[in-house]
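**Q** Here is what each chain is made of, one letter per residue.
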Amino acid sequence: MKTRRALAVAGLTLLLAGCGGGSGGSSAPPAPSSAPEARRLTVLAAASLTEAFTGLAQRFEGDHPGVDIRLNFAGSSDLAQQIVNGAPADVFAAASDATMKTVTDAGLTAEAPQIFAKNVLQIATVPGNPKGIATFADLAKPDLNIVVCAPQVPCGAAAEKIEKATGVTLTPVSEEADVKSTLGKVISGDADAGLVYVTDVSSAKGDVQGVSFPEADQAATNYPIAVLKDAPQAELAQQFVDLVTGEAGQNELQAAGFGPGT
Amino acid sequence: MTRGDRPGAVGGKERSPRRLPVANPRNPARRVTTVGVPRLLWIPAAAALALVALPVVGLVLRADWPRMPELLTSDSALDALRLSLVTAAISTLLCVVLGGPLAVVLARGRVPGLRVLRSLVLLPLVLPPVVGGLALLYLLGRTGLVGSELNAWFGVTIPFTTTAVVLAQTFVAMPFLVVSLEGALRTGRGRYEAIAATLGAAPGYALRRVTVPLVLPGLASGSVLAFARCLGEFGATTAFAGSLQGTTRTLPLLVYLERESDVDGAIALSLLLVVVAVLVIAVARPRTAEGLS
Numbered sequence: 001m002k003t004r005r006a007l008a009v010a011g012l013t014l015l016l017a018g019c020g021g022g023s024g025g026s027s028a029p030p031a032p033s034s035a036p037e038a039r040r041l042t043v044l045a046a047a048s049l050t051e052a053f054t055g056l057a058q059r060f061e062g063d064h065p066g067v068d069i070r071l072n073f074a075g076s077s078d079l080a081q082q083i084v085n086g087a088p089a090d091v092f093a094a095a096s097d098a099t100m101k102t103v104t105d106a107g108l109t110a111e112a113p114q115i116f117a118k119n120v121l122q123i124a125t126v127p128g129n130p131k132g133i134a135t136f137a138d139l140a141k142p143d144l145n146i147v148v149c150a151p152q153v154p155c156g157a158a159a160e161k162i163e164k165a166t167g168v169t170l171t172p173v174s175e176e177a178d179v180k181s182t183l184g185k186v187i188s189g190d191a192d193a194g195l196v197y198v199t200d201v202s203s204a205k206g207d208v209q210g211v212s213f214p215e216a217d218q219a220a221t222n223y224p225i226a227v228l229k230d231a232p233q234a235e236l237a238q239q240f241v242d243l244v245t246g247e248a249g250q251n252e253l254q255a256a257g258f259g260p261g262t
Numbered sequence: 001m002t003r004g005d006r007p008g009a010v011g012g013k014e015r016s017p018r019r020l021p022v023a024n025p026r027n028p029a030r031r032v033t034t035v036g037v038p039r040l041l042w043i044p045a046a047a048a049l050a051l052v053a054l055p056v057v058g059l060v061l062r063a064d065w066p067r068m069p070e071l072l073t074s075d076s077a078l079d080a081l082r083l084s085l086v087t088a089a090i091s092t093l094l095c096v097v098l099g100g101p102l103a104v105v106l107a108r109g110r111v112p113g114l115r116v117l118r119s120l121v122l123l124p125l126v127l128p129p130v131v132g133g134l135a136l137l138y139l140l141g142r143t144g145l146v147g148s149e150l151n152a153w154f155g156v157t158i159p160f161t162t163t164a165v166v167l168a169q170t171f172v173a174m175p176f177l178v179v180s181l182e183g184a185l186r187t188g189r190g191r192y193e194a195i196a197a198t199l200g201a202a203p204g205y206a207l208r209r210v211t212v213p214l215v216l217p218g219l220a221s222g223s224v225l226a227f228a229r230c231l232g233e234f235g236a237t238t239a240f241a242g243s244l245q246g247t248t249r250t251l252p253l254l255v256y257l258e259r260e261s262d263v264d265g266a267i268a269l270s271l272l273l274v275v276v277a278v279l280v281i282a283v284a285r286p287r288t289a290e291g292l293s
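Protein chains in written order, with our numbering: chain A, 1 to 262; chain B, 1 to 293.
Keep in mind that the hints are not guaranteed to be accurate.
Claimed, not checked - Calculated lysine to any residue pairs in the SDA-like style (CA-CA distance at most 20 Å, straight line):
hint, chain 1, residue 1, chain 2, residue 2
1, A, K180, B, A152
2, A, K131, A, K118
3, A, K141, A, E215
4, A, K180, B, D264
5, A, K131, B, G58
6, A, K180, B, G155
7, A, K180, A, G246
8, A, K131, B, I90
9, A, K180, B, Y138
10, A, K118, A, D242
11, A, K131, B, L134
12, A, K161, B, S261
13, A, K101, B, D262
14, A, K180, B, A135
15, A, K101, A, K229
16, A, K180, B, N151
17, A, K131, B, T157
18, A, K229, A, P130
19, A, K180, B, G100
20, A, K131, A, V168
21, A, K118, A, E252
22, A, K101, B, D264
23, A, K141, B, G155
24, A, K101, B, V156
25, A, K164, A, A74
26, A, K180, B, T163
27, A, K131, B, V130
28, A, K131, B, V156
29, A, K180, B, V156
30, A, K101, B, R259
31, A, K118, A, S203
32, A, K118, A, A74
33, A, K180, B, G235
34, A, K180, B, P128
35, A, K101, B, S261
36, A, K131, A, I115
37, A, K180, B, L134
In short, the hints are calculated from the structure, not lab data.
Keep in mind that this is a model prediction, so the values were computed, not measured.
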C-alpha cells in the first residue's frame, strides 16, 4: 500500500517538476546579465525572419563589442500585441503592413516604418512533387490535399487575394493559424501541397519542393521595420535598422529568399 | 488484505465516526472531525485563488459587451461551438468506454508491470499537448506507422477529419478519467467484491452489481474532468487535425485564430468557453467534490 502512495507522490512530483522546469529555465538567464556595461538590444521580429536576422544579429554583435542582441521571433501579430501591451523592446520587424499599423496606430514607433523586404507565396509540395503540381490552378484539382493559412493571418490573406485575382477557388483540407503549421503539414506528408512563403520553402531545406507561380507577385507582402518609441537603446536600435536596410542586410535577406524592399 | 493495512483501522476515537470510510461514499452525513485552518495558509491560498480567478475578470472587463451577441452568433462561432460540444461528448464517451476498463485493470489487475502501465497512462498529462499531436500524426498521419497502412489498405486518411479531433481529445483526456476512476476503485480495495464472490457472484456480476455502483461518483467526476479537458484541447488538435471551419476548428482553435485579426472576437469566444466550463462544473459539482475526496 505504501508503494502505491509513494508512486502517487512520485507522479505528482514529476508533474510539478514538469511545470517548474519551464519557468525555471526562462527565469534563469537574467542572472548572468549583470556583467559590466553589457548593452542589450531587444529585437522583436516576425518568425519568417529567423534565419536572416540571426545572421545579421551576429554580424551586428561582431561590429559592436559589448552589445548583446536578444532576438524574439514569433507571429508578428502576437509581437504587435506584446508591444501594445507594454513589452520592452527596441526594434520591431513585422511581416505585414497591417501588424505594423497596430503599433504605429498606438503611437509606439519612433519614426515612420521602412519597408525592408518583400515576400511572395510559393507552392510547397512534398519532395519530388509526385502529383505534378505546376501552376496555381493545379491546386484546385479535386484529388489533392491542400493546406493554406487562414484568411485571418497574412499568408492566408495573400492566398485569398490570389484566389480572387485568378478566379481559382481552392478547397483546402485545413486553414492553419500560421505559415509554419501549413509548412509542417506538407513536411509530414499529410498534405500534398501548401501555400507558404518562398522563404519558408528555402528554410525547409529540401523537406519540401517549391513551385513558383507568376500570380504570387499580385499578393507580395511587405516587411516593415521601425525603432520603437520607448526603446531603451534608441541609438543602437537605429544602427540595427540601418544594417537591415543597408547593403549587407539586403544581401542576407535575399539569400534567405526575400525580395528587396522599396 | 489485513485490517492492519488500513491507516484508519488503528485510529482512536476520532476515527470512529468514519470507521468504514468507504462503506458508503455517497453518504452525505459522513462527518469528519474538523481542525481549524492555520492563519498563515490564508495568504498563499488567497494568492492562488487570485491567480486563477483574476485573469477571467480581466477577460470580462476587456470584453466588448455591446458587440457580444453579434460576435457569438457568427457562422464560424456557432460551427466551432457545435463541433466542440459534439467532439468533446464523443471523446468523453470513448474515455469512459476504453478508460473505464483500463482503470479497473490498473486498480485490480495482478499483472507484472502494472506500475509501468500506470506511468504510461499518465503520459498525456505530462506531455505538452502539441507533442501528443505530433506523436499522433506520426502514428496515424498519411505517412505514419499505422496511417500509411490504413491509407494503403482502406484508402482512409485520418488527419484533417473530425475523427482526428476526437482522437486528439481522447488522447489528452484519458488520464483524467483513468486516474479519477482508479482512485475511486482503490478506496474500495475490493472488499465488497470479495464478499460478493464468497456469496457466489462471478467476477463480471460483481463488477456490474457491486463495483460500478460504488465508483459511480468517481466515474462521474472523471467524466466531467475529461469533458472539460476535451473542450479546452488545443495543441494536439492543431498539430494532428488541422483547422477547418465545421470540420476540425473547435472553439479553442477559433480563439487562437481570431486573436490574429479580431481581438474582441477572440475575447468573446474565450468568455463563451468560460461559461461552458462553468456550466459543466456547476452541473456536476456535488458529484465531483465527492469523487475527488
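**Q** Take the hints in turn and mark each one as holding or not.
**A** How the hints compare with the structure:
Of the pairs offered as hints, the one joining K180(A) and A152(B) is violated, with about 28 Å between alpha carbons and a cut-off of 20 Å exceeded. For the suggested pair K131(A) and K118(A), the alpha carbons sit about 29 Å apart, so the restraint of at most 20 Å is broken. Taking the CA atoms of K141(A) and E215(A), the gap is near 18 Å; set against the 20 Å cutoff, the hint holds. A hinted pair counts as satisfied when its Cα atoms are at most 20 Å apart, and K180(A) with D264(B) does not qualify at roughly 25 Å.
Simply put, K131(A) and G58(B) have alpha-carbon atoms about 50 Å apart, too far for the 20 Å limit, and the pair is violated. With a C-alpha separation of about 27 Å, the suggested pair K180(A) and G155(B) falls outside the 20 Å cut-off, and the hint is violated. In summary, the hint linking K180(A) to G246(A) is not supported, as the alpha carbons are separated by about 28 Å, beyond the 20 Å threshold. Only pairs whose Cα atoms come within 20 Å are accepted, and K131(A) paired with I90(B) is rejected, the gap being roughly 36 Å.
A hinted pair counts as satisfied when its Cα atoms are at most 20 Å apart, and K180(A) with Y138(B) qualifies at roughly 17 Å. Between K118(A) and D242(A) the CA atoms are separated by roughly 17 Å; this keeps the pair inside 20 Å, and the hint holds. Restraint check for K131(A) and L134(B): not satisfied, since their Cα atoms lie roughly 25 Å apart, outside the 20 Å limit. At most 20 Å may separate the alpha-carbon atoms for a hinted pair to count; K161(A) and S261(B) meet this at roughly 16 Å.
Simply put, K101(A) and D262(B) have alpha-carbon atoms about 14 Å apart, close enough for the 20 Å limit, and the pair holds. The straight-line distance between the Cα atoms of K180(A) and A135(B) is roughly 18 Å, inside the 20 Å bound, and the hint therefore holds. Taking the CA atoms of K101(A) and K229(A), the gap is near 14 Å; set against the 20 Å cutoff, the hint holds. For a cut-off of 20 Å, the pair hint linking K180(A) to N151(B) is broken: about 25 Å separates their Cα positions.
Straight-line distance between C-alpha atoms of K131(A) and T157(B) comes to about 17 Å, which keeps the hinted pair within the 20 Å bound. Under the criterion of a C-alpha separation no larger than 20 Å, the hint pairing K229(A) with P130(A) is inconsistent with the structure, at around 50 Å. The straight-line distance between the Cα atoms of K180(A) and G100(B) is roughly 38 Å, outside the 20 Å bound, and the hint therefore fails. Of the supplied pair hints, the one linking K131(A) and V168(A) holds, its CA atoms being roughly 18 Å apart against a limit of 20 Å.
Using a Cα cut-off of 20 Å, the hinted pair K118(A) and E252(A) holds, with the two alpha carbons roughly 13 Å apart. The hinted pair formed by K101(A) and D264(B) meets the criterion: a straight-line CA distance of about 17 Å does not exceed 20 Å. In summary, the hint linking K141(A) to G155(B) is supported, as the alpha carbons are separated by about 18 Å, within the 20 Å threshold. For the given pair, K101(A) sits about 45 Å from V156(B) by alpha-carbon distance, which is inconsistent with the 20 Å threshold.
The suggested pairing of K164(A) with A74(A) is violated, with an alpha-carbon distance near 29 Å, which exceeds 20 Å. Between the alpha carbons of K180(A) and T163(B) the distance comes to roughly 23 Å, so the proposed pair goes past 20 Å and is violated. A C-alpha spacing of about 29 Å is found between K131(A) and V130(B), which places the hinted pair above 20 Å, so the restraint is violated. For the hint linking K131(A) to V156(B), the alpha-carbon distance of about 19 Å falls within 20 Å, and the restraint holds.
This hinted pair does not check out: K180(A) and V156(B) have alpha carbons roughly 26 Å apart, beyond 20 Å. Distance check on the hinted pair: K101(A) and R259(B) sit about 16 Å apart at the alpha-carbon level, within 20 Å; holds. Using a Cα cut-off of 20 Å, the hinted pair K118(A) and S203(A) holds, with the two alpha carbons roughly 16 Å apart. At roughly 18 Å between alpha-carbon atoms, K118(A) and A74(A) fall within 20 Å of each other, so this suggested pair holds.
This hinted pair checks out: K180(A) and G235(B) have alpha carbons roughly 14 Å apart, not beyond 20 Å. With a C-alpha separation of about 18 Å, the suggested pairing of K180(A) with P128(B) holds against the 20 Å cut-off. A C-alpha spacing of about 12 Å is found between K101(A) and S261(B), which places the hinted pair at or below 20 Å, so the restraint holds. The hinted pair formed by K131(A) and I115(A) fails the criterion: a straight-line CA distance of about 37 Å is larger than 20 Å.
Taking the CA atoms of K180(A) and L134(B), the gap is near 14 Å; set against the 20 Å cutoff, the hint holds.
Of the hints listed earlier, those the structure fails to meet are numbers 1, 2, 4, 5, 6, 7, 8, 11, 16, 18, 19, 24, 25, 26, 27, 29 and 36, in rising order.
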